[in-house]
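Chemist: Residues per chain, in single letters:
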Amino acid sequence: MTALRTTLTVNGRPYDLDVEPRRTLADALREDCGLTGTHLGCEHGVCGACTVLVDGQAVRSCLLFAVQCTDAEIRTVEGLADGAEHPLQTAFSAEHALQCGFCTPGFLMLAVGALEKDPGVVRDAERLRELLTSNLCRCTGYEAIRRAVVAAAGDRPAGED
Amino acid sequence: MTIGARLRRREDHRLVRGAGCYVGDLRVAGCLDAVFVRSDLAHGDLRQVDLEAARATPGVVAAWSSADLPFLPDTPPMMDPESVRGRPWPPLATDRVRYVGQPVAVVVGDDRYVAEDGRDAARVRIDALPVLLDPAEAADSPVRLFAGAGNVASEKTFGEPIDEAVWQQATVVVEATYRQQLLAHTYLETRAILVRPEPGGGLTVWVSHQAPHRLRRDLAGGFGLREENVRVIVPDVGGAFGGKSETWPEYLAVVAAARRLNRPVRWLEDRAEALTGPPHGRGQNQRVRLAADADGRMLAYELHIDADVGGYPHTGAFVPMATSMMATGAYTIPQVSVRSRAVVTNTAPTSPYRGAGRPEAASAIERTVDLLAHRLGLDPAEVRRRNFIGPDAFPYDTPTGFTYDSGDYAAALDVALREVDYSGWRSEQARRRREGGVPLGIGLCTYVERSGAGEEFGAVEACPDGTFVALSGCCSTGQGHETSFPQVVADVLGIEPERVRLVERDTAVVPSGIGSFASRSMQTGGAALHRAAGKLIEAARQRMAETCAVPVGEVTYDAGVLAAAGRSMTLAELAGTGQLRADNTFAPPEGFPFGAYAAVVEVEPELGEVTVLRLVAVDDYGVVVNPLIVDGQGYGSTVQGLGQALYEDVRYDPDGRPLTRSLLDYLIPTLSEVPALRFAETRTPNPNTPLGAKGAGEAGCIGAPPAIVNAVADALALDARDALQMPLTPYTCWSAAR
Amino acid sequence: MKPAPFEYVAARSADDVVAALADGRTEVLAGGQSLVLEMNYRTRRPARLVDINRVPGFDTVEAIGDTVRIGPLVRHQAFESGAVPGQLGALLHRVVRHIAHPPIRTRGTMLGSLAYAHPAAEWPAVITALGAELDLVGAGGRRTVAAGDFFLAPFRTARRPDELLAEVRLPVLPAGTVIGFAEHRRTHASFAQLAVIAAVTLADGRVSSASIGLVNAADRPVRARAAEAALLGRPLDDPAVAAAARAAAEQDADPGPQPYTDLAYQRHTVAVLTRRALDQARTEG
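Protein chains in written order, with the numbering used here: chain A, 23 to 183; chain B, 697 to 1434; chain C, 50 to 334.
Don't read these hints as lab results, they were simulated from the structure. Since we're looking at a predicted model, the values are computed, not measured. Beta carbons are placed, not taken as given, at the ideal position from N, Cα and C, and that holds for glycine.
Simulated restraints, written as ranges between beta carbons of each label pair: (1) C/106 / A/78: 18 to 24 Å; (2) C/115 / A/40: 50 to 56 Å; (3) C/198 / B/823: 42 to 48 Å; (4) A/78 / B/763: 52 to 58 Å.
The following block holds chain A by itself, in its conformation from the complex:
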């Protein structure tokens, strides 16, 4: 199978790759770009560990082919900290929203995408619930993740500890 020349722009940096059409974006990021922070947990779009931002939208990188992403702006967990930690990263640690850490990059990118679009999502319990139901975590029981996202938005509704 012939490889196709594809340029991925990840965290602002171009990567020129020769990839087979069947190579998923997740594998291209991990194996070809060396960005292993994006994890593969199920490879069928359910767990969300591979969530990255493509043109600002949170997507499952296991269900996209790298060749589809030429010209797209891709963001991964490696691009989150700009020297200092992103507030979400700080909040995840402070709230103990990670244990084994395998799902964490996916949750972070899911939350970053949503908060950048509309920080108000944390004030709407139903929307926040719906958003964070997108990904799976087997360690934390989720509550700490929810609290971390609320805290990172700088907006902890009254009545919560």
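Keeping the supplied structure of chain A fixed, place chains B and C upon it in accordance with the hints.
Modeler: Just chains B and C now, with coordinates in the frame of chain A:
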């Protein structure tokens, strides 16, 4: 005091940046990917494995069946070698397959894509044999999985035979059958191993694991290597829950492939493989009988277990023994008889899964106690109180062979009842029963579990630069040892925890170790470090005494500084005069954490949907080193327990083909499934270690399921509860209520 | 879980797509949220994919007269953000919140879901209930199929391998229409076990038309004609709703074996959900 401090985790810094390093993240030059050709039949005679086309597939480097790898050792038993006698488990099937997914051949390629191409080109012919899926049925079946050995791999009894007169004369005898369904561990990172052959015949093995020293022993033993020539390194691990303690057949095949090719080879299990298993967890058929007097005082308890251990007993046969030994839970019961059988079937092999036998034990006794209370018309909290082992009865020898160390079970129950507002909910329940309303139930579980499992290694070294290195034989798989173990050492030494760096998970650096399972890390590994730190102070005082030529008794130690004869030296300065290190292996008795869970549920009457309104968990882990981490363990394990109670279930079709092959079929809780949880604790220190910690990490899987099931049974006011088996799907509840 | 090899064609026009499909061994890659899942499991191995994500105009939603036309690249997410006005838009909005999760909805498409024809998918029952039309375009030209004729069995439709599902046309719901949706599922990560969609038009206090769709209640999406008939000409009151629920369960549904249920429970659930959907329609509009 740093013990008890809610310190943020050091691990997080790398993990939140995507800079963690799991096995799949390693970049090892020239590494190949292995995949497995697997049986698609649950039971059959393997007639032919044709790998011609697989080998001819572009990118495939090698494809081998067992015939090509005659030096491949059999899979070793994890414990209980007697159970595997006559039941060998070749890593690649030789003449018989016994579960769907059993490896038949290994295909190694330049990457996983081409290796899967090769896998799909392999042709395997298997002649089907009759399939056994139920352990009770398999125990008596003329169909044998292993020629020359029965299907019962292990049968054990505990306690004493019960006097028949007890059953005749008791005021009440309740009987029930329970099914502990098969579960999938569902760690987010599936199993993973990377093996690099080293010059001179040695191996470096990176693996997602819980017990690196055991794996080293098994690999060295299997391939005829000296242990020091096998280095096992466990990098970051994406959850384990009991499924990564084992030496799995795939690991042996990958080692064989790497050695044969003299190239690094890795196997990164995918989710399709992981859900198909092995491992699965749980899988017990239980039958109970409980006799009591009119006041609800228990007279005799009988528990029969038929455990489904899958096609090979190597990793699961000992789990029902753990259930047996915890059978009586928190209660004094004069007569107890337990029989457990580990039975091979054509499901994928089982292994310990978070709780590993204790959830099954707690579920059986706790459901039965509630049934007893219901039968007698007594409050289930009161029945429990009348039967608890009293707080002054410790150490307490159970009829099944354990010695409980300490506890105050009634105190934990009282906290749970208060936190959940038990009397308030009972009045609400009475009101609804009177006036109508959605059926509401309250369920309790007062559990005792066991933590520890043997010895652990710990060492502490003072460095001349003022830092300290702690070495542990434990193996963090997400529990935060890098944070909590230094807290223990720093506390003993009286220094800042930031100065202590933990080293574990590398057999080349840590001389020995058992690992992390059975909630043992802090109780045993933490205590070993606690003692090592104490010994370090003693060694330093000795050296200071020699330096100052004074008796040791005149050397004082405070916060990293030794003083004698008007001189003072720091530990760092003393380390500058020669290595200053204390090693120690500590083997405390088993610990027995306990607690009380209370659940309040509504069962929507039309469709049978269960809504958990409140779930209170009261756990007693003894001394807690880092409450942040321990709270997280409680929360996470409780949600896993919720998963078993309501959602999770590995299913097979009648031919033994797994039906739950995706996470759209095998359902673990999402955030939307998590109810309002409330946590509280009591604190009864472990009397057998200087640290005083008991195991924390599996409690929620033990306490939550019976509390929820009891609440549902209470809501539906069920007299017979055998129809109410986990997971409590809406259909299950709907039909149980009819 | 890596896909088998395939050739890749990035289409720039509808003609490109049709030309690519002509060989009969090419599949359309739209959102890919089901197709790539199956390719990762290797339960689907298309020889070639034609990627329609870069075809201009494919992502348009157009209201023309009393019809809303939806193109082949309109993602689920569009129905969350008001792409379709009126009560029809409100119905689609209510339904779409039950389809997978936000990151799936940003990629997955309505027409992809229709072409995939998963038995537990919501959109097929929606368009069946509403009597939508679908346009299929192939080398032989364009043809129109009624939604009721499109779905043949789980994962099987009237679309031929060389055809692109190019458009679905949904009728705008007339004034006075109230809508409801009720779903039964095991967790928020699972497919629907059953679901019911209802759109009921009232004139002078009586039901003048009704569209009721059942998800996963038979081997294909069901338009619950008996339930609709039970409502026609009557006020949307308790007896009418009960009659419709009974009719849906006993006459319209034709359930088959499923995990964690039996046929009696499935019919019972159809009745309960039909009642809930209709109750929602009359109370929330």
